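There are 2 protein chains.
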Amino acid sequence: MPEKKKKPEPTGNHVSVEMEMADMVGKPLGGQVGSHPLPVRKKSSESMTSDPDLYYSVEDLRSEPPPGEPVSNRIRPMLGQGKHEAGALFFKDGYRRIDYVLAYPVPRRKHPVKVEHKPEDDSSAFHPEGEDQKARRRREFEKNLIEAGLDLERDDEGARTKKCVTALLSQLHGSQIASREPTKDHGMCFVRLHAPWKVLSQYAEILKIKMPTKKIYEIKERAGIKAKAYALWRKTIRPLQPSAQAKQVDKEPYKHISYTFSRDKEHMFLIENRDTFFLPSTRSLIVHEILKRTRYSQKDYAIGITNLIAQGVYTAAYPLHEGEFEGDTNIPPNPRQMLFDEWGSYSKFVKFQPLNLIRNYFGEKIGMYFAWLGLYTKLLIPSSFVGLIVFLYGVFTMDDNVPSDEVCEAYNITMCPLCDRECKYWRLSDSCKSARFSHLFDNEVTVFFSIFMSLWATWFLENWKRKQMELNYAWDLSGFEEEEEQPRPEYEARLVKHRIEQSDKTKTEKKVYVSSILYTVSLSKSIFKDHFEIVELGEEVKLPKKQTLFAVGVSSVTILTMFTVTLAAVFAVIMYRLSVASALAIYPNSGQIVSGTAVTLNLIVILILDEIYGSVAAFLTQLECPRTETEYEDKLIFKLFLLKFVNSYASIFYVAFFKGRFMGRPGQYIYAAPGLRMEECGPGGCLYELCIQLSIIMAGKQLIQNNVMEIGMPKLKKFLRECTCFGLCKERAERAEDKAGPRDTRWEEDLVLEPFSGLSPEYLEMIIQFGFVTIFVASFPLAPLLALVNNVLEIRLDARKFVQELRRPMAERAKDIGIWYNILKGITKISVIVNAFVIAITSNFIPRTVYQYMYSPDGSLHGFIDWSLSTFNVSDFEPGSEPRDNRSLGEVVQFCRYRDFRDAPWEAEPYKYNLAYWHIFAARLGFVICFQNFIIFLRDFIGYIIPDVPKELDEQIKKENKIMMDALIHEENVRQGEVDVDMEMEKEPL
Amino acid sequence: MPEKKKKPEPTGNHVSVEMEMADMVGKPLGGQVGSHPLPVRKKSSESMTSDPDLYYSVEDLRSEPPPGEPVSNRIRPMLGQGKHEAGALFFKDGYRRIDYVLAYPVPRRKHPVKVEHKPEDDSSAFHPEGEDQKARRRREFEKNLIEAGLDLERDDEGARTKKCVTALLSQLHGSQIASREPTKDHGMCFVRLHAPWKVLSQYAEILKIKMPTKKIYEIKERAGIKAKAYALWRKTIRPLQPSAQAKQVDKEPYKHISYTFSRDKEHMFLIENRDTFFLPSTRSLIVHEILKRTRYSQKDYAIGITNLIAQGVYTAAYPLHEGEFEGDTNIPPNPRQMLFDEWGSYSKFVKFQPLNLIRNYFGEKIGMYFAWLGLYTKLLIPSSFVGLIVFLYGVFTMDDNVPSDEVCEAYNITMCPLCDRECKYWRLSDSCKSARFSHLFDNEVTVFFSIFMSLWATWFLENWKRKQMELNYAWDLSGFEEEEEQPRPEYEARLVKHRIEQSDKTKTEKKVYVSSILYTVSLSKSIFKDHFEIVELGEEVKLPKKQTLFAVGVSSVTILTMFTVTLAAVFAVIMYRLSVASALAIYPNSGQIVSGTAVTLNLIVILILDEIYGSVAAFLTQLECPRTETEYEDKLIFKLFLLKFVNSYASIFYVAFFKGRFMGRPGQYIYAAPGLRMEECGPGGCLYELCIQLSIIMAGKQLIQNNVMEIGMPKLKKFLRECTCFGLCKERAERAEDKAGPRDTRWEEDLVLEPFSGLSPEYLEMIIQFGFVTIFVASFPLAPLLALVNNVLEIRLDARKFVQELRRPMAERAKDIGIWYNILKGITKISVIVNAFVIAITSNFIPRTVYQYMYSPDGSLHGFIDWSLSTFNVSDFEPGSEPRDNRSLGEVVQFCRYRDFRDAPWEAEPYKYNLAYWHIFAARLGFVICFQNFIIFLRDFIGYIIPDVPKELDEQIKKENKIMMDALIHEENVRQGEVDVDMEMEKEPL
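Going down the list, the protein sequences come from chains G and H.
For what it's worth, full-length UniProt numbering labels the leading residue of the first sequence as 1, then goes sequentially.
For what it's worth, full-length UniProt numbering labels the leading residue of the second sequence as 1, then goes sequentially.
Treat the hints as calculated values from the structure; they're not laboratory data.
Do not rely on the hints blindly, as some may be mistaken.
Intra- or inter-copy, both count: the list cannot distinguish identical chains.
Stated by the list, open to error - Derived DSS-like pairs: lysine-lysine, alpha-carbon spacing no greater than 25 Å straight-line: (1) Lys467 with Lys255; (2) Lys951 with Lys825; (3) Lys959 with Lys208; (4) Lys635 with Lys951; (5) Lys959 with Lys545; (6) Lys467 with Lys962; (7) Lys635 with Lys815; (8) Lys265 with Lys210; (9) Lys635 with Lys546; (10) Lys255 with Lys959; (11) Lys701 with Lys378; (12) Lys226 with Lys958; (13) Lys962 with Lys365; (14) Lys143 with Lys962; (15) Lys815 with Lys378; (16) Lys815 with Lys959; (17) Lys208 with Lys255; (18) Lys829 with Lys465; (19) Lys378 with Lys467; (20) Lys292 with Lys951; (21) Lys208 with Lys958; (22) Lys701 with Lys801; (23) Lys292 with Lys962; (24) Lys226 with Lys545; (25) Lys198 with Lys962; (26) Lys958 with Lys210; (27) Lys546 with Lys226; (28) Lys815 with Lys951; (29) Lys801 with Lys378.
Because the structure is a prediction, the values reported are computed rather than measured.
Looking at chain G on its own, in the form it has when it is part of the complex (with noise of 0.2 Å):
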C-alpha cells in the first residue's frame, strides 16, 4: 500500500472523524487481503465532483471488470451518464453504478473534533448525545456495509457549503436537525452505495428473485379464426399502446423463461453483462436488504437504517432517479425521460400505462397499484358507457310517460303543505318540471343498470385477480415469500423507554432486556449443543398489553366521537335546512335555493373534516405505536377507511333512507325540533334529491380534492420552500447563468425531493370514488362517467408525481394489493343491498310496478298518480299547524293530498295504512329478497365461470415449470456425465 497513511493504532481517542475514516476504508476488512493502491484524500472546499481525485472508496478489486470481459462493458455505462458529468450515476471509476445514496448533514468545524468513547446506555440509543456519537454510528455502520459486500464512495465532509440544503431538510423531515443544531456553517454529506456482482448474485439467490433464463421458447401464433380475431383486436389496439412496449411486443415472439437465480447455475441465466443483469430496482432492493440488516453498534436492538434515520444519524437514504426527467432529447432518453414521456404526458391520456417500464423503475408494489388503477379505469370505459346509454333513455323518454304526464295535468289536485303555518297548498302540476327531471333517474331501466352495475364489480374484481396473476407471471413473483419485519423505530424506541422504566422499578432483580428483533436467550439443553446450531426462540419482547390496550381504547373512543362529528355535522346540515327553508318558504322557488347551498355546505363540511381526519387517524395509529411497518399500515388504513367513508356517505345515506320516512303524515307530523318538521322529499320524489346530492358531492370531491389540492398543492409546497430558501435559488440561478461552474449532482437534486410516503392516500381515494359508483348506482347512472373522466386525468397526474416531484422509492415488491382486494370486495357486498333497497325504498319503480300488475284496470299506469295519492281532510290540522292561507286558487280547501297509502278520513278507521300499502311494503321486500338473491347468484357464478387464474395462463406456466425441471434434469444428467467421465479420466493414470 504505497501511498496509505501510516497511523497509530486505532484506540478511537482524540482522532479526528475524518481522520479515522480515511483509514477504516482503506483497512482490509471481511477477511479480503486488501493490497490496491488507495488514492490520497486532498483537502479541498471546492464541489467534490469538479476535482477527479477529490474522493475516497474502498477501490476493491473484487468489482473491478474480470480481465476476461470485453472493454466495452466498461465504457458502455459511461454512455449512461447523460450530458453532464454532474447527474453521473456512477462512482467516480465511471462504471460502478450508484445503487443507493445515504445522505447526513455534517457541521463544517474549524478543529478536529474530539471522539470520546463513553459508554452507551440504552437511553442514548435513540437520542445520540451530540454529533460524535451520531459519527461513531455512521462510522460502525459504514464499516459493516463494506464487511458485507458493499463498495462506498463518499464525499470530502465539510466540503461544500450549502446552507440551503441544510434548510430545506429541517423543513422537509421537522425539526430534528435543525432544532439541535444551529442552520448556518453545515455541509450535507452523502455516502453513495454500490452493490457488486457478488453481493446482487448472493442475495438474489437468497431472496429467491427469479430471472431470466437462457431458455427461451417461442411464442406461436394461433391459428383459426380465434386467432385472427385476436390479431386483428391486437392491431386496433397497437396505437393505445405505449410506444416502448408496443415496440417490444412487436419485437419478441420469444419469452425467456425465469427461475429463481442460483450462482451454480449462473451459466444457465441470460446474463449478457453482470452489470446490467441485475434491474435498478431489484439492485437498490438488495442494497435496502443490506441496509436494513447491517448494525451500527454492539448493541442488540442497533440495527438497521431506519433507525438511524429515525435517530438523525441519517437524513434520508434513497436510491437515484435515472437522470433528468425532460430536457434535451438525447437518444436513448433514459428510463425517467422515457416514463415521463410516455406515462406523464397529459397527451398520452389514451394510451395504456407502459407498465413495465413502471415497474422496472419503481419496483412491483407501486406497479400492482397503476395497473389496478389502469384496469379501474378501463373498466369503467362500459360502465360508463352503459350510465350515458341509461341516461339517454331517460332524457328521451321524460316527455312521454305516464305518471310525469299525469303530474304536469293534475291541475286540479290540491297538495297539502310542505311545511307548517307558512306553506301553502300546493297543486300537483306545480312539481311539472322536477317530475319530469326525476323520470331522468327513476325509470324502468334503473333496475337493469343496478344489476349490470353489482355484476360489473364483481366482473371488475375477477378481472383484478386475474390481472394480479399475470401480472406475478410477468413479474416473476410467484415464488416470494414475507419476511419477519423489522419493528419500526418508534417502536424500538418506546420499548427502549418502557425497558428503562421498568428496570428504574425493578433494579435489584437484573432483568436482561434484549430487543424485540432478538429473542430472550435460554440456555440449551447440552444433548442438542453437540449436534445442531439451536436458535432459541422465546417469548419475543414486545410492549406489555397494557400500553397498547390503552391506546386502543383511546382509538376507539376518538373514531366514536368522530363519527359522532360526521352525523352531528350532517344534523346542523339538515337543521341549516330545515330552518332556512321555513323562513324563507313565502318566498317561491326557495326549494332549490334552500338545497344547493345545504348540498355545498355538505360538500364543505365533507373536505373540511376529511383533511381532519387524515391527521386523527394519523395520531390515533402512532399513538397505538404498532411494531412493524405493515401493522402501521393496516391499522392507519383501517382507521382512515372507517372515517372516510362514513363522512363521504353519511350525508348521502341520509338522503336516501332516511329522509321522508319518519315525518309522520298531515295532522300529526314528527318534529325535530320545536317548530321544524321532519324533512320530506321534495316534489321530484326522493330518488331525484338522491341524485341531486351524490353527483354534487362526487363531482365536488373529485375536482376539489383529488385535482385541484393534488396539483395545487406541490406547486405550493414547491413555491414555499423556494421563497424559503432563497439562497439556492440564486444559487441556481446563478449557477444557470455561469454554465461553466459547478452543477447539482444527481443526489443533491434527488434529496430536495418530496420523499415518497406510501401508497394509502392513493388506494383511498380510488376505494371512496368505487363507492359512489357502486353503492348509489341505482340513483345516479352518469357517475360512471365521472370517475372515469377524474380517472383518466388522475393516472398522468400521479405519474408526473412519481416521475417529477418524489424521490426515488426503494422498489418493494408486493404480489398483490393487499388489503385494499378485501374492502373493494367489501364495498361490492355492500352495494349489493344498498342498491336493493334504493330501487325498493327510495325510487318509485315498486308502487309503480304494483299498481299496474294489481291495481291499473288496463295495466297501463294510468291512474298511478291519483292512486299514490292519500287523501286529508285539513280539519284533521293539529292546532297552530294549519296553512295561515287556507286557500287555494282562491277555493277554501277542505280535503289535501298527500304521498301515502292511507284510508280516506271518511273510512272506518282514517288514515290507517291501507291494504296498497302492505302490498307495496310486501313487494318492496320481496324485491329486496330477489334482487339480492339473484345478484349474488349471479356473482358466484361469474366467480365460478371466470378462472382466478387465466386458462391459456396456468398452462403456460405449468408448461414452463416442467420444461424447466427438464432442462434442469437434463442439465444434472449431463453434469453427471462430465463428472463421470471426469472420474474416469482421474482414474487412468493411476
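Fit chain H to the supplied structure of chain G, relying on the hints for placement.
Just chain H, lined up with the frame of chain G:
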C-alpha cells in the same frame, strides 16, 4: 467381469428374451463403466426367494454405501425387514430399500421366443401386438430407468407359476390380460426399484422439496395466564392424543427449520443417515416422478408408466406397504402396524388421528383428507352439543307451551276434512300429539340454532383454512408449485386414433404428427439459435373441439335427464302417498303408515339412484375424455356432486317448500291429478314433516350407504376373490401349514390388494352429509349429532380400509383440499338462504311472533290457534268434494275451520286474504332479509376477525424465514472467507 457370460453382438434377432434381458441388465449403462461381479443366473423353477443366489440386479457401485460410512448403516435397515425374509422391503443385498414395484405377467414358454424387429407404427402404440412388443417396451423402459439412475432388481421370468395371481389380476383389472392370453402357464414377474441417494437428492432439489435443517430452535413455553391455560388444555387433551404423537410432543420442544433441499448446502440439513433422510413417501414420490418421465420407445408419445399400464405392458406399479399391519407385536412396530393400532382401531375412537404418521405413510394429499375429516368431526362436537340442548329444551317445554295446549283443548273446533269425499271432519284436539311433538323442533330456540349453525359452518371453514395453513407449514408444503400434467392414456390413445383417421383422409399432405405432450416443431430464427437453447412452444396438439363438444352435449342432456328422473321419482312417491292415503283414508291412523312407507320408498329410491348416478357420471366423464387426470377428476366431481346433491335433497326440498303451499283452499282445492288433491301438511305442521323426512333419509343413508356398504363390500369382494381363486387359497393354506416353505413376498401380497381409486367418493359422502347438517338444520337439531356418530365410525372405517385393504397409494403432494373447499363454501351460502326460508315459511315462528306483537290482546300466545284458523262455510264445497259424512260428533257441520288467513264467509269478499295474511307475509319476507343479511354480516365479520393464517404461525413462518436467511448470509460470508483464504493459499506458492 469374471463370471459374465460371453455373448454375441446383440443384433436383437433370434435371441431368447431371457438371454437378452440378462445381457441388458448386466451391461454397463448410462455412462458408468461397470466392473463389478455379477452373480451368475441359475435356471431354477423354485421360488425365487428360497434360493439366495437366484436373483440378479444391476450391482451398481453408486449405491454401495460409501466406504466412510459406518457399518451400522449397512446392517441397520435389515432390522426393519420384519420377522421373515419373505416380507422384506429391501433388495437381496439387504440395504437397498425397495421404493417401487412394477409387476407384469409373463407367459412361461418352452422355447425361446423369436423377437422380430418390425417397425412399429402409430396404430400399435396403444395396442401392442403381442408379448414381443410388450417385452421390447419393458426392456427399453427399464434400460432408461437405469439410465435415470435407479437401481433395479428383477425376478426370474417364469420362475414361479402362479395361475392364481394372474387370474386375480384379470379380475382386478378387467379382461385386458386374461382375454388375450390363456390363463394357464403364466407367471407374475416383479421389477423392484430403488432410488439411490444421488437420484433422491437430485430430484428433491428439482422438485423443491423442503427438508429439515440442522438449524433448530427451542419453542419456549409462554408465560402468563394464557400459557397456563394452554398448558392445562394440553394436559386435558393429552389422553386424546394418539400415543405416538403424544410421545413426540412431549419429547420435542425443538423445531427443525425446513428449507428447500439443495445439494450444495447438504451439510446444513439434518442428515443422520442418507438412507433414512427422505421419508418413504418422498422416495416413492420421486421414483414416481422418474417413472412418469421415462420413455419406453423412440416414439414421441411413448413416455410414462401410466401409458404402459394402460397398454398392459405392466399390470401395476406401486410402492410397498411397510410390512404386515398386524401380527406378532414386534418391537419396534413397523409404521403400518403403528397406523393400524393407533388409527385403525375402533377402540381408539375418542383419540385424535396420528396425522403425521398418516402423512408420512400416505403422503400429503391423503393426509389432508383425514385432517379435514378430523377437524370436521371435532367441530361437530360443539354443534351436536348445542343441537342436543335445543332438542332437550323442546322436550322440557313440550308440556307447557300455549299453542299446543290450545290445540289439545280445542275439542270444539271442527276442522275441514283432509281429502275429498272419504275423509271426515275432525277435531283439532285430535292432532294434540303431533302438535306437542312438532313443538320439539318448531320452537323459539330454532331461530337461534339456525343462526348458530350458519355461523358454525363459517367458523368451520375458517378453522379449516387455518388448519390447512398449519399443515402446510408443518408438512413443508409452502414452496410446492404445480407442474404440467401428462395427458391420460385414454386421451393419448384417442388422439393417436384421431391422427390415424386424419392421415388416412389426407395421406398426400404428409403431416407430421406429434404427441400432445410435445409441441409442433418450427424452425427457430437463426439469430437466436447461436445464443440460446430454444424450446419451441407452438400450439399444443389437442383433440378437435368438435369431439369434446359432442361429448359435453351428451353429458348435459344426460344430466338433465337424470334430474328429470330424480324429480319423477319424487313425484312418483308423492302420487303413491296421495293415492294410498285416499284409499286408506277410512282407516284411522293410516297417516303414519302412509308417511312411513313413503319416506322409506324415498330412501330406497335415493340409494338406488345414487349407485346408478355414480356409474353414469363415470361413464359420461370417460366419454368426454378429459386431457389430464386433474381435469378428469374435476369433471367427475362436478357431475357426481350435481347428480347426488339433487338426488339427496329433492324430496326434502319438496317437503320444505312445496308441500302444502299449493293446495288452494276448501271449496277451491287444486288437484295434482283428477281426484287427487295436492298434499296438505299433516296436522303437526310442515316443519314436523320436514323433520321426519330429513331424519329418516339422513340416518338411513348413512347407516346403509356409509357403513353397511362400506364395511360389507370389501368383505364381500374378498370373499368372492377367495372363491374364484381357490388355487391361491389352497396354496396359501398349504404354505401356512408347511412353515418351512416359501412365503409370499411383500410385493406379491400388495399386488392382490385393491388399488387406490382416489378420494372423491370419500369427500363426496362427507359433503352430502355436511349439507344435511347445515342446509336444513333449522328443522332437525339432532342432525349434527347423527353426523358426529357416523363420522367417528367413518374415520376408523376409512383408516382400516387404507391400512388394510388398499394397495399403498403413491404419496401425492397437495396444499389443500382443492375443489371441495369451494363446494363447502357454496353449501354454506345455500344453507343461509334455505334456513331463512325454512324458518320464515315452513315453521310457524313468524305467525306466532306477528300474533304475539301485533294482535294478541295481552302479549301472550293465548288465542293464537283460533286466530290462525279461517272459517269455511261447508255449503261452498265444490259439488262432489264434500265429505260423505257431513256430521262431526253427531251434529251436522255448518262451518269448518282450516289453516289460512282469509276473510270469513260472511264478510264482504269471502275467502279473500285478510290483512293478517299480508302482515305475516311482509313479516316473513322481512325476516328473510334480516336473517340473511345478519348472517352474511356476521359471517364476513368472523372471516375478518379470524385471520386465515394463525397469527402465531404467521409470525413463526416469517421468523423462520428470517433466521434461515440470516443463516444463509452468515454461511455465505463464512464460505466466502474460506474461499478467499483458499485463493490466497493458492496464490502463495506462485
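*How would you classify Lys635 and Lys546 at a CA-CA limit of 25 Å: within, between, both, or neither?*
Within. Shortest intra-copy distance 18 Å satisfies the 25 Å Cα cut-off; inter-copy 55 Å does not.
*Using 25 Å as the alpha-carbon threshold, which applies to Lys226 and Lys958: within, between, both, or neither?*
within (23 Å within a copy, 46 Å between copies)
*First find the shortest C-alpha distance between Lys378 and Lys467 inside one copy, then the shortest across copies, and answer within, between, both or neither for a cut-off of 25 Å.*
within (12 Å within a copy, 39 Å between copies)
*asked:* At most 25 Å between alpha carbons: which applies to Lys701 and Lys378, within, between, both or neither?
replied: Result: close within a single copy only, 22 Å intra versus 52 Å inter.
_Treating 25 Å as the Cα threshold, decide for Lys208 and Lys958: within, between, both or neither._
Both. Shortest intra-copy (19 Å) and inter-copy (15 Å) distances satisfy the 25 Å Cα cut-off.
_Lys265 and Lys210: within-copy, between-copy, both or neither at 25 Å Cα_ = Close inside one copy (13 Å) and across copies (20 Å); limit 25 Å.
*asked:* As a check of your reading, is Lys958 near Lys210 (CA-CA no more than 25 Å) within one copy, between copies, both or neither?
replied: both (16 Å within a copy, 20 Å between copies)
*First find the shortest C-alpha distance between Lys959 and Lys545 inside one copy, then the shortest across copies, and answer within, between, both or neither for a cut-off of 25 Å.*
The answer is between: 21 Å across copies meets 25 Å, while 50 Å in one copy does not.
*25 Å Cα cut-off: does Lys815 pair with Lys959 within a copy, between copies, both or neither?*
both (21 Å within a copy, 20 Å between copies)
*For the identical chains here, do Lys143 and Lys962 meet the 25 Å Cα criterion within one copy, between copies, both, or neither?*
Close across copies (23 Å), not inside one copy (45 Å); limit 25 Å.
*Go through the copies and call it for Lys208 and Lys255: within, between, both or neither, with a Cα cutoff of 25 Å.*
both (20 Å within a copy, 23 Å between copies)
_Within a copy, between copies, both or neither: which one fits Lys801 and Lys378 at a CA-CA cutoff of 25 Å?_
Classified as within: same-chain Cα gap 21 Å, cross-chain 55 Å, threshold 25 Å.
Of the numbered hints given earlier, the model fails none.
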